[in-house]
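Protein chains in written order, with numbering that gives the first Met the number 0: chain U, 0 to 471; chain H, 0 to 471.
There are no misleading hints in this set.
Any copy will do: because identical chains look the same in the list, a pair fits if it lies in one copy or spans two.
Simulated pairs of lysine-lysine, DSS-like, Cα-Cα distance not exceeding 30 Å: (1) Lys33 / Lys167; (2) Lys398 / Lys34; (3) Lys398 / Lys33; (4) Lys269 / Lys33; (5) Lys167 / Lys34; (6) Lys25 / Lys167; (7) Lys176 / Lys25; (8) Lys379 / Lys33; (9) Lys219 / Lys128; (10) Lys176 / Lys242; (11) Lys167 / Lys398; (12) Lys33 / Lys176; (13) Lys25 / Lys398; (14) Lys318 / Lys167; (15) Lys410 / Lys269; (16) Lys34 / Lys176; (17) Lys190 / Lys219.
Since the hints were made in silico from the structure, they are not lab data.
Protein chains: 2
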Amino acid sequence: MLKSTSLLSCLVCIFLLQGMVLSAQKDVDQLMLKKIHREVLLHGEVYQWLRGLSEGIGGRLAGSPESMEAVHYVHRILDTLGLDAVRDQPCIIPNYWTRGSVEKVIVQTDDGDVDLSCTTLGGSPSTPKGGLQAVVIEVQGLDDIERLGRDVIEGKIVFYNRPMDAGKIETFHAYGKAVDQRVFGPEMASKYGAAGCIVRSMTNVLDDVPHTGVTIFRDKVKPIPAMAISTRAADKLSALLRKGMYNVYMETHAENHGPVSSFNVLGEIKGSQHPENIIVVGGHLDAWDNGTGAHDDGAGIVQGIEVLYTFKRLGYQPKNTIRFVAFMNEENGSGGARAYADSAKQSTDFHLAAIESDAGGFTPRGFTYAADSSVLGAYKEQLESGIEAALCPFDIYVKAGGSGADIGPLKGQGALLFGLRPDPQRYFNFHHTAIDRIDAVNERELKMGAAAMTSLVYLLDNYLQRPDAANK
Amino acid sequence: MLKSTSLLSCLVCIFLLQGMVLSAQKDVDQLMLKKIHREVLLHGEVYQWLRGLSEGIGGRLAGSPESMEAVHYVHRILDTLGLDAVRDQPCIIPNYWTRGSVEKVIVQTDDGDVDLSCTTLGGSPSTPKGGLQAVVIEVQGLDDIERLGRDVIEGKIVFYNRPMDAGKIETFHAYGKAVDQRVFGPEMASKYGAAGCIVRSMTNVLDDVPHTGVTIFRDKVKPIPAMAISTRAADKLSALLRKGMYNVYMETHAENHGPVSSFNVLGEIKGSQHPENIIVVGGHLDAWDNGTGAHDDGAGIVQGIEVLYTFKRLGYQPKNTIRFVAFMNEENGSGGARAYADSAKQSTDFHLAAIESDAGGFTPRGFTYAADSSVLGAYKEQLESGIEAALCPFDIYVKAGGSGADIGPLKGQGALLFGLRPDPQRYFNFHHTAIDRIDAVNERELKMGAAAMTSLVYLLDNYLQRPDAANK
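Bound conformation, chain U alone (with noise of 0.2 Å):
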């Protein structure tokens, strides 16, 4: 009886004692979180790095010089920091696209030319010599030119006009359900005959700014010019076609280069304890030619740099190596995101999570995450067994979810991936516009976006483990 006794204490005092570490634990938890917080927000570096990305080096699509310029100024930031290894990853750029000088969309009324604000497509060809002058049609989508056929959209230009759906509070979904027309349409179009393609901008607002973006034409379809115009510019256009037969005149001197090579640019802090698991922090380099790309994605690059630098600041040696990708590409091909995934593959590095930010550089509302079926609900476990909870006293969910473009090819590999959720209202405003530029960047927004990756790759360096680590 005694001896059954001194063993159930002895239980209970080695309860207690788990539950007093644990909850000491936690307190150093929080402690360090906040730290991390508030260094980001004293010293972060965030915005003077981005105005050099934005301001200083501009728009910088994949393969063009500025996308050049963009990865040395991103390696020599990295060789500042002290960091364990930084290097330029070779990728290779499927096709290197330019817009030439000049881009115009022209109603032709009885009034006069009526000039439509407009930017050319991203993959899309030049107009013919002397430009492309037709009638124009408008659609709701790409499920009407395959109902209307070839005799009604044969020779003429098609004018996708379905607006972003401004009722969704997610204004990424909103997104997702309209930009088919974007990406898809000009080929359907061409598909069916059309001499070219004019496409409502992709924004919630209405406003006079248009929005760029990747168009594709897949397989043996011919590129057609391809152009968007301006919400404001679309609902004039409509409101014309409500009257009448309209001729429209484009004119843009795009071009399609091929092929060329660039980099992705990485820098790492090596493990202490498993520097053969990875932990990557990340965002894409280049940008849209039309803007500087302050917001998509120089807030994504410069947020994965300041994770790293924080580390350093706070002289936080990690128990995993935690690598920042620069990823070149993301918006017209995606090279560099093949190339670091192939490059993962053949090495016997274990990628343990992955975290991209690619949403803008506003106040960050959480992580989305995604896994493989195969290893997402040992992580969900992990997940909800105490970093969740680390992170909500700052206000910073966690829920399933997507992660993003550029790292989505590691899933395959057994990674558990994040997409940093900044606040998505303002988004839409400046994605893929000549408007997205360092002025429309929050310093503090930027920053809490750095420290909210910051923090959650310091749980994830503490409390993450393998998936076959975890079932043991």
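Could you slot chain H onto chain U? The hints should help.
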């Protein structure tokens, strides 16, 4: 045996049925909250109303002609919404203050005069004819004045230069820790014989924008001229003072005019079941005269109106009376809040809840709540039993915390008080400045705040019971 089995089955059935009803009600609520968000995002009038209030009328300190224009403007809008009652409620403004047309803070150096970007503090008097010139002395807080004593302070211009802590995530906490310099610093300086006072602007960013705000001279303390200078100007002045003694020249033509009368504006939808139970939504109608009061607090005004308008548009008939209140004079006297609370005290109505929006028109992060300690427990339980959970899918938190200056006096009357908490990172870029204008407000963010308020009011209307009823 048969009997008891039947009884058990019956109980199980009732239990299951109740569960189903509850779960079905949850679905109905979620649907309604989605509907509210969609309605506000697509058809909300907040942004147009705010344009009229901020750009159309502009700054509107209580007692000014502009503040009366604002009273009429809001009354007119309310008149168009098909409400059950709209009225102006008289209140006394303790002191109508005007800024005058000249504002100068100049450091006299060997290299010539250096102009500092400045704004007069509300409630402070004008400088003597010909301006005020004196040696300036920098301090970090009110304690310093006591420590230095009359010998050092007398005849000087006191310069308070303790910055807001930019390392704090919660900018309002940083503000709270610094603002004593502006509110009570000049009074303290005057007590020790200072001739004038300069305060570093209350903001966590470094720029050239001066921030005004109220300063208070209580009892028989002699009011002295008091002005704020921009943070960059404060750094400049401080840098000079590290090198030697300097004279500063101050000039302001501010004037205190004493008490005047004004109005709150009220509009309401009568409750169908408990018209005597009031749920208040609102903000303050007055705004500092150096800007146009778009965030502070035009946003709160238009969001409060939008709550009523959304219910009308959706055909939602509330069970309790939903009352919008545009409070006058929050900035420098709280005459409106006092009048409203006094009138509430004399009424037989019961204030069930009140929601104040006075922290900017940014993306809503959640609500903080407070109540008298005698009823807080009963309310907390109700919030936790479903209301918090219903807002969770919208990433809107509900936490214990502060409420607001205008609804605060209702605390003693048993009301559950809420403050809308928009994201706080950008607020102190604009607070009390000339750049607090409509272009600093994002339409979707403003609408999201209105939708969050409408959602909370809907939930309170359906689930919040008077503490006496809840305890039964």
